[in-house]
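Student: Below, each chain spelled out in residue letters.
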Amino acid sequence: MSGHGFLFANYVPGNSLLHRAPLWLKFLLVLACGMASFLIVDWVVAAAALVLMCALFLLSGAGFRRLFRAVRPVLPVLAAIGLFQWWQLGGPTAARIVLNVLVCIVAASILTATTPVQRLLDGVASLAQPFRRFGADPERFALTIAIMLRSIPFIAGAYSDVRDSARARGLERNPRALILPVFITTVAFARQTGEALAARGLGEHETGEHAPPATPAAGHSLP
Amino acid sequence: MTKTDGTAAATPARRRNPWNATDLGLIAVFAALVAGSALIAAIPVGGLGVPITLQTLAVMLTGLALGPARAFAAVGLYVLLGLAGLPIFSGGRSGLGVLAGPSAGYIIGFVYAATAVGWLTVVVLRRTAGRPGKFRAVLLFAAAMVSSIIFIHGLGILGMMVNAKLDFSKAFLADLVFYPGDVIKNALAVTVALALHKAFPDLLIRRIRTSGTPGGASAAPAVGAQADSRP
Numbered sequence: 001m002s003g004h005g006f007l008f009a010n011y012v013p014g015n016s017l018l019h020r021a022p023l024w025l026k027f028l029l030v031l032a033c034g035m036a037s038f039l040i041v042d043w044v045v046a047a048a049a050l051v052l053m054c055a056l057f058l059l060s061g062a063g064f065r066r067l068f069r070a071v072r073p074v075l076p077v078l079a080a081i082g083l084f085q086w087w088q089l090g091g092p093t094a095a096r097i098v099l100n101v102l103v104c105i106v107a108a109s110i111l112t113a114t115t116p117v118q119r120l121l122d123g124v125a126s127l128a129q130p131f132r133r134f135g136a137d138p139e140r141f142a143l144t145i146a147i148m149l150r151s152i153p154f155i156a157g158a159y160s161d162v163r164d165s166a167r168a169r170g171l172e173r174n175p176r177a178l179i180l181p182v183f184i185t186t187v188a189f190a191r192q193t194g195e196a197l198a199a200r201g202l203g204e205h206e207t208g209e210h211a212p213p214a215t216p217a218a219g220h221s222l223p
Numbered sequence: 001m002t003k004t005d006g007t008a009a010a011t012p013a014r015r016r017n018p019w020n021a022t023d024l025g026l027i028a029v030f031a032a033l034v035a036g037s038a039l040i041a042a043i044p045v046g047g048l049g050v051p052i053t054l055q056t057l058a059v060m061l062t063g064l065a066l067g068p069a070r071a072f073a074a075v076g077l078y079v080l081l082g083l084a085g086l087p088i089f090s091g092g093r094s095g096l097g098v099l100a101g102p103s104a105g106y107i108i109g110f111v112y113a114a115t116a117v118g119w120l121t122v123v124v125l126r127r128t129a130g131r132p133g134k135f136r137a138v139l140l141f142a143a144a145m146v147s148s149i150i151f152i153h154g155l156g157i158l159g160m161m162v163n164a165k166l167d168f169s170k171a172f173l174a175d176l177v178f179y180p181g182d183v184i185k186n187a188l189a190v191t192v193a194l195a196l197h198k199a200f201p202d203l204l205i206r207r208i209r210t211s212g213t214p215g216g217a218s219a220a221p222a223v224g225a226q227a228d229s230r231p
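Residue numbers (my numbering), protein chains in the order written: chain D, 1 to 223; chain V, 1 to 231.
With the rest of the complex left out, here is chain V (with noise of 0.2 Å):
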């Protein structure tokens, strides 16, 4: 199983534009994000006081802000080296112990839902450009909800299935638990993805417009400059 992770972290830098130093910069950031969010302290929310932790929202976040590949590599990272016995996962567990116990679902579905909302997204900002608001935080949000959804409680249900040996009904409702959180979280990741492309204009949305000269403007000189200097 991490045999397949590890191709999953790997691969990416073989097609089309190859990353820059910044996109490493990026992804191996991101990837600190999300382990730091699974680690801090939860936020007690409103006058309920029950802790969310914060890593489903870097999760969706990273792929909101990243795009497909990126997200893909950043939480791929992340995974891999809790895998290899960081103790990244939430609560301080790690190694591969965790692929047997009843949230490995879980954390196999937070690449593939990092990696969906990506690419959601992509078609999101694109179809949108001419008109950003509210169309566009909903529309966001909704490909946040469908993303994890299919692939973080999806697979979390099956990851109770195999691990915990309950049956389809059992796992589903003790995943209901989650869905309350999630929203929020959603909500949330949304509108701090939207203000992040406001800030920084340039980490998805120029990408996505000149993608026909990929990185253009930074790559190349500093390729050339390369290959200048080598001899």
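Same shape as in the complex, but just chain D (with noise of 0.2 Å):
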């Protein structure tokens, strides 16, 4: 397995106003739109919020084909719920029930496409700083992070492996055959990781060190 590019598919590199807009901004966007779907009870209003997103998403230079790419995934779903509650509530109340999810969609991928994926995980580390004092360490949650990612790659080569030796077998239809040693080979991973982080001295919990100076043992109890 290359890499893990297919983590970095939905960013549109640009210069556009949305893409030097902050973060918070773009989250507060995301937010505002989750908060008026449940507001929005005119099908006309929800049709003009979504239209406004798809300026807004196009305005990045992100292109057409890019916004249907963002919602192509739920389009058979919304499709079945629409013409279900057509037939339950009516043709408005249908409409404004799928446009009001495309519209949050459409917000949504705003945000992922204008942002690279690197500030969004550092956005997402950022969460824990607030909760440092609770005994919380960026540092460590940031490490987490990218043991993931590095992780997944390995995961996904770990499993054509497997499949490729139970079909050797002729084992290819038998379920535990084609995913224990995935597990196995997990654990034995995530092990060896933690063995080689200790042995670097990262991950640790550090006693004190990040305390904050009036509490100095908080949170801490060393035997």
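Because the hints were derived from the structure by calculation, they are not lab data.
C-beta: ideal position from N, C-alpha, C; glycine also.
Incorrect hints may appear among the rest.
Stated by the list, open to error - Which residues of chain V face chain D? A partial, calculated answer using Cβ under 10 Å:
id, residue
1, Ala28
2, Ser37
3, Ala65
Quick one: dock chain against chain with the hints and give me the complex.
Tutor: Structure (structure tokens):
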């Protein structure tokens, strides 16, 4: 397995207004759309909001194809829901329900299309900052995220290896033979990773170092 | 909504025995395992050829293998990163938009189901410490079923009611489709988990038995060495 390039599939490089907008502002936009989906009762307003969001998305220079790719995975489900609710609740209500979901999805893809993955992850890691005083350690949190990203290609590789060897033994219909070796490999890999971290002095809970000076031993109970 | 998930993934580090590097490795790799299982092409089962994704299997197995706190952190990390925009939800979906879709409840439910089954696993493994075997497997299967019915199916139904505006009976019927697959996956998860605990006896059980001196063997010398070398 080569790298984890697939993780960067959503980002479209550019220098538009949206690319330069701060992360929290874009996050607020997504949050506002989520709230609005509960407040909007008229399908015309929902349609207007959807047009606005699509215009914003296209403003980033990502193009129509990206926009379609962002909503494509949900289209079959939304079509089913829309038809069912049309039959149950009537046209306008069904249109409002479907349009509101689309507004949220387009707003969320504005965020992911205009923000590099690394900045998104930094944003996630900074979520741990406010909990520092309770003993949360943003550095260990960021380290865990980094290990997880590195491990995804390994696990995808383990699945394909195990599938090949099961096929070679004629066991490709046996679910246990297909998945058990993957999980054994995974746990062994996790423990090797942990040992490698410990050997480098990474990931261990550093006592006292990050505690605020006022309460030096807060949250740590050493034997 | 993401805010709560943020606290979810960040807070467990503070309580009782702080996790050591091996725990961090397990949390990170099991989060990656859930992500990988959602992305991998499904297995055709039996002669029917109905594809089943392994995602719920990986979620339940995380609880069965790691216990409540670490399972909560691992699945919470997966959900958090998926919501942040990594395309790691099933079908390559990602981002906060998922929370508006009909499957939002299932994804949130994963976190709680993994935690619940982890907690029940610790209880079952403690109670049946002397006699492993069929009895233990049946109890673990029951634990997995209860957790997934309450949290994955319960919150899944709730998600469909909120986002797709279905009423309860319709959402319940829509959810029924997932039951047969879940029974198979939970049974598989239990056999795999028992094999894992056999292969790695200290994965969860020794942590339970020596809960008085948490992680003593591995953590204490490392901390001591660090303290010595610092000045």
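Student: Next step is simple, just say for each hint if it's right about the structure.
Tutor: Here is how each hint holds up against the structure:
The beta carbon of Ala28 (chain V) comes within 4 Å of a beta carbon in chain D, closer than 10 Å, and the hint placing it at the interface holds. Taking 10 Å as the C-beta contact cut-off toward chain D, the hint placing Ser37 (chain V) at the interface holds, the least distance being around 8 Å. About 7 Å separates the beta-carbon of Ala65 (chain V) from the nearest beta-carbon of chain D, less than 10 Å, and the hint is met.
The structure meets every hint from the earlier list without exception.
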